[in-house]
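As a plain string of letters, each chain reads:
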Amino acid sequence: MIEFLLHDEKITLDDIDPNTTVLEFLRNHRQLTGTKEGCASGDCGACTICIVELNTQNQLEYKSINACITFISALHGKQLISVEALKQQNQLHSCQQAMLDSDGSQCGFCTPGIVMSLFALQKNQASYNRHKVQQALAGNLCRCTGYRAIDSAAKQALNSSVVDHFDPQEPSTRALLLDIQQQSAHQTTQLIQDNKSCYIPKTAADLAQLLIKHPQSTLVAGGTDLAIAVTQHGASFNQLIALNQVAELLEYQKTDQQITLGAALSLDRCQRLMADTFDDFSVLLDRFASLQVRNQGTIGGNIANASPIGDIPPALIALDAQLQLQYDKTVRTMQLADFFIDYRKTALQTSEFITNIIIDIPTKPFIFKIYKISKRLDDDISALCAACFVQLDARNRVLKIRLAYGGMAAIAKRAVKTEQALLGKIWSVENIAFAANCLSDDFQPLSDFRASSEYRLTVAKNLLHKFFIESADYDVTGCDVTASDNAEFASHTRIFDYV
Amino acid sequence: MSKLNKTVISQKEMLAASAQKLATGVGKKVAHESAARHITGEAIYIDDRLEYPNQLHLYPVLSDVAHGVITHVNIEQCLKVTGVERVILAKDIPGDPDIGPVLPGDPLLAADKVEYIGQVIAIVAANSLAIAKKAASLVQVKITPLEAVLNVVQAHNLKHYVMDPHSHSIGDASKALATAQHSIKGELEIGGQEHFYLETQICSTVPTEEGGMQVYTSSQHPSEVQKLVAQVIGVAQHKVIVDMRRMGGGFGGKETQAAQPACLAALTSFLTGKPCKMRLPRELDMRMTGKRHPFVVQFEVGFDDQGLLSGLKLDLLADCGYSPDLSGSIVDRAMFHADNAYYLGHADITGYRCKTHRASNTAYRGFGGPQGMVAIENIMDHIARYLKIDPLTVRKLNYYQKSHRNLTHYGQLVEGNLLDEMTAQLEESCEYQQRRQEIVKFNQQSSFMKKGIALTPVKFGISFTATFLNQGGALIHIYTDGSIHLNHGGTEMGQGLHTKVAQIVAEEFQVDIQHILVSATNTDKVPNTSPTAASSGTDINGKAAQNAARTIKQRLINFAAEHYQVAIDKISFVNNHIKLDKKVISFVELIQQAYFGQVSLSSTGFYKTPKIFYDREKASGTPFYYYSYGMSCSEVIIDTLTGEYKVLRADILHDVGDSLNSRLDIGQIEGGFVQGMGWMTTEELVWSDEGKLLTSNPMSYKIPAITDIPNDFRVKLVENRKNPEDTVYHSKAVGEPPFMLAISVWCALKDAVASLNNYNTQPRLNSPATPEAVLWAVQDIASSQAHLKPQEQVST
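So the sequence lines, in the order shown, correspond to chains R and F. Counting in numbering that gives the first Met the number 0, the first sequence runs from 0 upward without gaps. Counting in numbering that gives the first Met the number 0, the second sequence runs from 0 upward without gaps.
These are computed hints drawn from the structure, not numbers from a lab. Just so you know, these numbers come straight off a predicted model, no measurement behind them. Fair warning: there could be bad hints in the mix.
What the hints assert, rightly or not - Derived SDA-like pairs: lysine to any residue, alpha-carbon spacing no greater than 25 Å straight-line:
{"hint": "1", "chain 1": "R", "residue 1": "K154", "chain 2": "F", "residue 2": "R36"}
{"hint": "2", "chain 1": "F", "residue 1": "K440", "chain 2": "R", "residue 2": "H464"}
{"hint": "3", "chain 1": "R", "residue 1": "K460", "chain 2": "F", "residue 2": "K79"}
{"hint": "4", "chain 1": "R", "residue 1": "K86", "chain 2": "F", "residue 2": "D46"}
{"hint": "5", "chain 1": "R", "residue 1": "K195", "chain 2": "F", "residue 2": "L128"}
{"hint": "6", "chain 1": "F", "residue 1": "K79", "chain 2": "R", "residue 2": "Q192"}
{"hint": "7", "chain 1": "F", "residue 1": "K715", "chain 2": "R", "residue 2": "H232"}
{"hint": "8", "chain 1": "F", "residue 1": "K133", "chain 2": "R", "residue 2": "L445"}
{"hint": "9", "chain 1": "F", "residue 1": "K132", "chain 2": "R", "residue 2": "L225"}
{"hint": "10", "chain 1": "F", "residue 1": "K645", "chain 2": "R", "residue 2": "N128"}
{"hint": "11", "chain 1": "R", "residue 1": "K86", "chain 2": "R", "residue 2": "L99"}
{"hint": "12", "chain 1": "F", "residue 1": "K645", "chain 2": "R", "residue 2": "S151"}
{"hint": "13", "chain 1": "F", "residue 1": "K27", "chain 2": "R", "residue 2": "S151"}
{"hint": "14", "chain 1": "F", "residue 1": "K133", "chain 2": "R", "residue 2": "S151"}
{"hint": "15", "chain 1": "R", "residue 1": "K131", "chain 2": "F", "residue 2": "D711"}
{"hint": "16", "chain 1": "F", "residue 1": "K645", "chain 2": "R", "residue 2": "V498"}
{"hint": "17", "chain 1": "R", "residue 1": "K86", "chain 2": "F", "residue 2": "D91"}
{"hint": "18", "chain 1": "F", "residue 1": "K715", "chain 2": "R", "residue 2": "V498"}
{"hint": "19", "chain 1": "F", "residue 1": "K132", "chain 2": "R", "residue 2": "L445"}
{"hint": "20", "chain 1": "F", "residue 1": "K132", "chain 2": "R", "residue 2": "A234"}
{"hint": "21", "chain 1": "F", "residue 1": "K79", "chain 2": "R", "residue 2": "A234"}
{"hint": "22", "chain 1": "R", "residue 1": "K131", "chain 2": "F", "residue 2": "K440"}
{"hint": "23", "chain 1": "F", "residue 1": "K691", "chain 2": "R", "residue 2": "D100"}
{"hint": "24", "chain 1": "F", "residue 1": "K133", "chain 2": "R", "residue 2": "L99"}
{"hint": "25", "chain 1": "R", "residue 1": "K86", "chain 2": "F", "residue 2": "R244"}
{"hint": "26", "chain 1": "F", "residue 1": "K691", "chain 2": "R", "residue 2": "L445"}
{"hint": "27", "chain 1": "R", "residue 1": "K86", "chain 2": "F", "residue 2": "D711"}
{"hint": "28", "chain 1": "F", "residue 1": "K133", "chain 2": "R", "residue 2": "H232"}
{"hint": "29", "chain 1": "F", "residue 1": "K28", "chain 2": "R", "residue 2": "S151"}
{"hint": "30", "chain 1": "F", "residue 1": "K691", "chain 2": "R", "residue 2": "V428"}
{"hint": "31", "chain 1": "F", "residue 1": "K133", "chain 2": "R", "residue 2": "N128"}
{"hint": "32", "chain 1": "F", "residue 1": "K238", "chain 2": "F", "residue 2": "D91"}
{"hint": "33", "chain 1": "F", "residue 1": "K645", "chain 2": "R", "residue 2": "T492"}
{"hint": "34", "chain 1": "R", "residue 1": "K86", "chain 2": "F", "residue 2": "K715"}
Please model the entire structure based on the sequences and the hints provided.
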């Protein structure tokens, strides 16, 4: 059984196929057709809805997500707001009014999704900021307007601080959500229909036991990739186990030495937790899929997925991150780099799951840069992703170096030969040039519709040069380059600096 | 709200009202008629309609072979699935099995051969889409493959065409080229483009008691859907009613190719007696339907020391896909626009309609025009690099003139030419020359980031080149409460057509637009309509609605003159009121009196575009009623290490004549520009060696997102330039022309690359200029330096 709020109505669902997406639920079960299907793969945003959930301080958080790739189980304990709820007593919501005033709609099909992204943004953002608007809307494709009008609408919506009808309802919404949370407390709940079932455990211990009992089950975290198997490839999972309510997997710890991230933390949350330590990680996450996907997708999911073009693995491999894996009551730790065995194949054993990702914060000085190269700037899968970490000694020699790449091989991995060519060497343009040539020994990338093999290799080499250029302000005396004062220089080396 | 419905207001109040101007008429900044429902989710698209208890959903079985003979189809396993109602094959079609819009060649269902991967072989009808989809995978199809032609140049060499080649000629191109001071030969590849309307193709059908069909379609051409449904199910057209409220985007993709799902749904409804819906999932939509035609351009151009064109030979090789569809007119339009804004003098332009085993390419905003324009704009850049002068100088030098050098290669005089004045205005307002200097300086100082700038013109011919299509129809009813029901032959796909037509009717009757309801386009209200295409929606349907309104208005005036005993010249319609000499009555008062006076309050209206004709045999005539003009200047930055880029600024000056509604016009311009930018940059179609589309979803096919738009985006309409022709309120069409403003982005990218060799070499950059393509252009120019590639043989 799952319980959630649809607008302000409490919904209890028991007998429903857990392969049902939130979009199907809205359109087919509730005849709420304002939310549209544009792609059913989380790429266009026409199905954007807003999820309201309690955070650890029991405050309400508003998040835009793609209804088309979210399984119904994800709604448990949350409030779902679709476009139908915004207009109240014939009064348009300020986000709607802004879209109307700014001519933000033409054919109107993407519009409800855009309105919902704006609504969620308005709930999270006090005033207009072009970058934040781009972040919030990069996952909402519009083929008609050319977006300028939508940007104007965002300006109007964010610069007019209006109390809406959701604000006075927040105390009762919070109470209702708390009530749902407390009712099911630590107990595993289940959705079941015919031979299809989904368990929703609340503790790691229960999760471990369920996995032992049902070793063939499929784990679903955010579901932003798994749901595509259902909506695009006709899959239907018999036994799902949802990870998004497992308390331990949603925890995090941050000390001066270490960051520990629960595997079910959303990518958006991870971005915020990592931002002030590794600003390039944050820059990467800005361009990772769309905000809707980052709100729903998890860091553990992006790792367990083992996609050769996932962006989190190279970034974390370059940081020498470790994984904690749990089977039954046994927890083991391994290097993330060792987790990936082959194409979509990992070291995860049957009935085992990822609990935490641990990142040791390197001692300063160091330089850590991530480069994501894709056809489109936003919401695109990398042709290649390069994550580069280096520490130099006082004599400008390479003390430590980790160069991790995505999109260059069947798995995300380090360029071992290239690293070796640099280790202990002077950090110089000549040595970089020599080392760059080793990349073709490390990688023989594929050609596909995203990029050719030659392009991937050429750019990988060029990015090593760029890394060197960007390290020019590296201060061997101990200044942290990632938070360098020399922003002027750093802001002119990438296309994204000109956005 | 105005006071139209209040009958009891004082004469003084009415006099005051009639002294005011109408707030929502022509030229007023009225919002899109559906905007208030778009933003709330209340606007109904076909998939939002309530379903019937016995609703069937359709899913197709597609060919996975590009070219082959169907040897065996087995539907037994599929039929066994619970919930499957029927499986339909070509042999089940009672009427005409071919739905080619102009020429035959588009089988509704493949019967014995397949000609592309994605061609529909069978339709599975089931009581849910999920069941239909699952069951469709159980249909067994065996195909013996034949050799497939998957390359446009290969098709051209084999003379594998869907239609015969066609040429335009002016002067003596061969002689001119032989005697030219300089000449260049070259080749350019121009990619296609997926429409990516947000609402995929969809149709819903309900059988009627007469054995006909009620059809709800998302189509730019309801009359053609009506005709084809009637032919497929073998009934007369009057038994088929097509209703089209709105599309979630069209862009040309729903001009002919909405007909297939409509005919399949109608066929299934006809055979089962049940309501049917066919909605294409995104991936199937992208595989099944055609796109913008990819082109290969082969050219030889002659010019003098200043860069003035002296002769041109241009071969346009269009990849039409497997069938003619609209390729005849599309390639014609590419040829018509291969001059863009330039006087060609001596030119031979030939269009080849190459047949490849891919989905049949179709209409897409610009309709071949963009490809023709890119061809000539590329040549302008070539000449400029060769002569080492600014490309804008070469462009301006070659512009059509007003009193001489004004004859096109198809025999039409260029009139109402705004090229010089608009270029001067934009060049100044965007500070082109100053920014050019700054960019040169920036590029000298910046090691691997390079900027580029380009200012390019657009001259686009307005009218269907198939002259008979230039007709529009409308129907107006006025009810006794004064409310007006308006219907016309055009379709609403987001462009704001209904809003503009309502404004025109509002202006004629002088009543506010909220009293006018534009209902769904419907074939039983206005018959035999033309597609909403060629940017002509407002031009033809707005005029037709104006004519309908004027017919009723004249009746009202005649009635009022007699009823109120006022001279006709003392009667005027002003701001929801009628002035009868010194007396004023409300519009609704007049309507009520006219009703009691037994006056017909309903009328049709019709319009055909005057003056135009085209003799295709002679390849000469005046195919266009007028030209629309536009100018844009784009500035970009590229990263020469990765090929990534960003449009920093775009300045646009566009000509819409006297704007009917500047809010809507600016929306079309901005949207068209960004869509064009996508076509020339990130939107790359990639097929496998077997002919399967690999970029068949938004994960792999990248249309512009919000971050891609110019950081600084300035759009202005040309002011005080009415359309000299008698178009509706002297406005100009706006749907397609702005698309081609984006050519400036592509030229600016080339400009940035050219900076690497001090602007002395034309970069080898095809379209789309993906980051990879830009990187190769960078590497090519860096390695070649001053040397020219063998492909671009230059002789002096």
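Verification of the hints:
| no. | hint | result |
| --- | --- | --- |
| 1 | R:K154 <-> F:R36 | holds (21 Å) |
| 2 | F:K440 <-> R:H464 | holds (24 Å) |
| 3 | R:K460 <-> F:K79 | violated (57 Å) |
| 4 | R:K86 <-> F:D46 | holds (22 Å) |
| 5 | R:K195 <-> F:L128 | holds (19 Å) |
| 6 | F:K79 <-> R:Q192 | holds (23 Å) |
| 7 | F:K715 <-> R:H232 | violated (46 Å) |
| 8 | F:K133 <-> R:L445 | violated (32 Å) |
| 9 | F:K132 <-> R:L225 | holds (19 Å) |
| 10 | F:K645 <-> R:N128 | holds (19 Å) |
| 11 | R:K86 <-> R:L99 | holds (13 Å) |
| 12 | F:K645 <-> R:S151 | holds (20 Å) |
| 13 | F:K27 <-> R:S151 | holds (20 Å) |
| 14 | F:K133 <-> R:S151 | violated (44 Å) |
| 15 | R:K131 <-> F:D711 | holds (17 Å) |
| 16 | F:K645 <-> R:V498 | holds (7 Å) |
| 17 | R:K86 <-> F:D91 | violated (48 Å) |
| 18 | F:K715 <-> R:V498 | holds (23 Å) |
| 19 | F:K132 <-> R:L445 | violated (32 Å) |
| 20 | F:K132 <-> R:A234 | holds (11 Å) |
| 21 | F:K79 <-> R:A234 | holds (20 Å) |
| 22 | R:K131 <-> F:K440 | violated (32 Å) |
| 23 | F:K691 <-> R:D100 | violated (44 Å) |
| 24 | F:K133 <-> R:L99 | violated (41 Å) |
| 25 | R:K86 <-> F:R244 | holds (23 Å) |
| 26 | F:K691 <-> R:L445 | holds (18 Å) |
| 27 | R:K86 <-> F:D711 | violated (33 Å) |
| 28 | F:K133 <-> R:H232 | holds (10 Å) |
| 29 | F:K28 <-> R:S151 | holds (17 Å) |
| 30 | F:K691 <-> R:V428 | violated (44 Å) |
| 31 | F:K133 <-> R:N128 | violated (46 Å) |
| 32 | F:K238 <-> F:D91 | holds (20 Å) |
| 33 | F:K645 <-> R:T492 | holds (13 Å) |
| 34 | R:K86 <-> F:K715 | violated (34 Å) |
Violation of the numbered hints given earlier is confined to hints 3, 7, 8, 14, 17, 19, 22, 23, 24, 27, 30, 31, 34; the remaining hints are satisfied by the structure.
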